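Trainee: If you want the building blocks of each chain, they are given just below.
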Amino acid sequence: MTDAAGGNRLNPALIESLHKALAAFSEDDGVRFILLRSNGAAFCLGMDLEAYTAGGTGEDFHRVVKAYSELLERIHGCSKTVVGLIEGPVKAGGVGVAAACDVVIASNGASFELSELYLGLIPANVMPYILAMRMPVKRAAYLVQSAACVDALTALHWGLVDEVHAPGDMEKALKKLGRRLMRISPMATARYKAFMEDLRASPVGGQQKDRAVKALIDIASGEDVKTAVKGFSDGETPLWFRNFRPEGRLSIVVQ
Amino acid sequence: MTDAAGGNRLNPALIESLHKALAAFSEDDGVRFILLRSNGAAFCLGMDLEAYTAGGTGEDFHRVVKAYSELLERIHGCSKTVVGLIEGPVKAGGVGVAAACDVVIASNGASFELSELYLGLIPANVMPYILAMRMPVKRAAYLVQSAACVDALTALHWGLVDEVHAPGDMEKALKKLGRRLMRISPMATARYKAFMEDLRASPVGGQQKDRAVKALIDIASGEDVKTAVKGFSDGETPLWFRNFRPEGRLSIVVQ
Amino acid sequence: MTDAAGGNRLNPALIESLHKALAAFSEDDGVRFILLRSNGAAFCLGMDLEAYTAGGTGEDFHRVVKAYSELLERIHGCSKTVVGLIEGPVKAGGVGVAAACDVVIASNGASFELSELYLGLIPANVMPYILAMRMPVKRAAYLVQSAACVDALTALHWGLVDEVHAPGDMEKALKKLGRRLMRISPMATARYKAFMEDLRASPVGGQQKDRAVKALIDIASGEDVKTAVKGFSDGETPLWFRNFRPEGRLSIVVQ
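Protein chains in written order, with my numbering: chain A, 1 to 255; chain B, 1 to 255; chain C, 1 to 255.
Honestly, the hints are just simulated from the structure, not real lab data. Nothing here was measured: the structure is a model prediction, and the numbers come from that model. Any given hint might turn out to be false.
Think about it this way: if two alpha-carbon atoms lie no more than 30 Å apart in a straight line, the pair counts; the simulated DSBU-like pairs of lysine-lysine are [claimed, not checked]: (1) Lys214(B) / Lys91(C); (2) Lys176(A) / Lys20(A); (3) Lys20(B) / Lys91(B); (4) Lys172(B) / Lys214(B); (5) Lys172(A) / Lys91(B); (6) Lys91(C) / Lys91(A); (7) Lys91(B) / Lys226(A); (8) Lys91(A) / Lys66(A).
Bound conformation, chain A alone (with noise of 0.2 Å):
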């Protein structure tokens, strides 16, 4: 469990640095956990665009189009949770950060933006995140092609955030999220994530049933799962559980 900071615009430096983060923190088997969120009062204001304007679209600009591209992935690809956490504005790039998390905690000053269009612009590397894995293509055409700005509580209905709090509420929502997640088998969380991209890449219909009933067997088939049913049903706790207790606001800067 630790915290990378979201900082204000994705310029290279900081894709890199937040790349390197999570491929630390993915291998660390004491990491059970990840968490998003921005030292400074927005959580991600989009793209720097300053290497576009400067150089144009040469091989800069491609390589941090393709940098964000695959941040996005590693973000969603990750075999651990990834928590991001929302406590001012979000535009365009910082959207697409926000939607790759498996879970989204905002506080009511939260906003969502995706005004690519009014520069002429779209949101293209973001709307693999959107489109299906957060809403309806209809609902998406709403935020980009009006370039609204959503509150929390729209976007919590509207699947972009999973919690709404008010900001004073904000750490200790997040300490109790954390004591679930530590209560969470680590591996389950891995295979959990691998499943539903089996499924999601799978024809509807039969084939996605029957993968599901050979996926449940095998993990049943673990000694780690066998042990940990039955002793809870004996009243024991699993050999994942750990407690969670924090210290102080949960913060590491990524430098």
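Since the structure of chain A is already known, use the hints to place chains B and C on it.
Mentor: Frame of chain A, contents of chains B and C only:
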């Protein structure tokens, strides 16, 4: 119209009796819709893990997992509308039963929890009915990966439930729904459900629309429909309209 | 920017006039968005079944069903943003017209009903625009299989509507929306809509992301976008920004 008791734990005997009840009601022309409700406080608390803890993942376990998966498919694929009535907690495999229903009515006291990951398991068989059928993959991620327990109103907003009422208003709500369901053409229900399965399995685009045009013209060519539409504009009620006057609590226990 | 009267019943003449209006507005560079609204109390009460009851399912009926299906496709596929303004009841085929729009604004007095099954029919042509484009299959099941009539707020939560306002605030809301729409690059709107169609038709996974990277770089390479982004960081407004100062009620009747 009838009522199958959902029971508390999905053990082989209950799964089998639900299969039999659904099969019988499906073929009975006098049954216009099927109601799944529990006689206990909980709608359904998931699979009974006794077979698993006792016998491991041998043939018996395989059989019950497959029977459960086929139960969800039978509910979803049933030619009649299946209504789930939820008045208390629903957990794990019970969420699959609710999710597979066509219409879900809940009381304020209902809650929904997919906490398999605590025990190292994943809700594999449930997910095809949640994912895309009820909510996007990232909303499901929150429920499953953080083992969140959500209340009836949240479930209403997130697609697990279609109506929420105070406990004292449940029978009234059910009767109101029943009155509508008894006026609906049973043949149209079967055709609609078959058409939607076809649509979901079709690639997005023109093909879907061509099939839709064809489906409507085929259905509109039926004598039953011609008579109903013509009669309707003359102020007559279609032949399949039935009154709905149940007495007392809607309930027939499946033994 | 203009306004086509949705009328009450979708008869061949109205469908044809909507086709013509949409075709003309689509090709007119001066039109920045298209507004569909009704001059009557109801937005649209569905297909006029007179042709059907009079002539059965012969060529005339086939023609009107196909023209309706193509109307929805024209709205959805239009290169400009199509806004639906709903101030009263919407039923059956009318729900398809609303669902095919990119942005839907409703007053508190709006209601939505898909009650085809009462007459033995199914809303076949409507479903491709509801299913996946607006809501999951089980939510659609509730609406169609139980013929529920839902109010504007429920429609807002369930993806049929994007904004709900008191009747007296509708013109103000429309002007606020219009101001945003007039600042959006018309080329970006067309590109976004084409990109999303491509994305929806692509298999989930890496391919989607590769296309997204390519789409963004292609668009960012355009001189119009380069100039806009560069100008924006210098405090200039893009060339396509327009003021939106309509006078009186927004309405041009399609004859």
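Trainee: Please verify whether Lys91(B) and Lys226(A) have alpha carbons no more than 30 Å apart.
Mentor: 20 Å, holds
Trainee: Straight-line Cα separation of Lys20(B) and Lys91(B) no greater than 30 Å?
Mentor: 23 Å, holds
Trainee: Does Lys91(A) pair with Lys66(A) here, judged by a C-alpha cut-off of 30 Å?
Mentor: 19 Å, holds
Trainee: For a C-alpha distance cap of 30 Å, please report whether Lys91(C) and Lys91(A) respect it.
Mentor: 37 Å, violated
Trainee: Does the structure keep Lys172(B) and Lys214(B) at a Cα separation of 30 Å or less?
Mentor: Outside the cut-off at roughly 39 Å; violated.
Trainee: Check the hint pairing Lys176(A) with Lys20(A) against an upper bound of 30 Å on the C-alpha distance.
Mentor: Answer holds: Lys176(A) to Lys20(A) is near 28 Å, not above 30 Å.
Trainee: Would the hint linking Lys214(B) and Lys91(C) be met if the CA-CA limit is 30 Å?
Mentor: 21 Å, holds
Trainee: Would you check the hint for Lys172(A) and Lys91(B), treating anything up to 30 Å between C-alpha atoms as holding?
Mentor: 25 Å, holds
Of the numbered hints listed earlier, those contradicted by the structure are 4 and 6.
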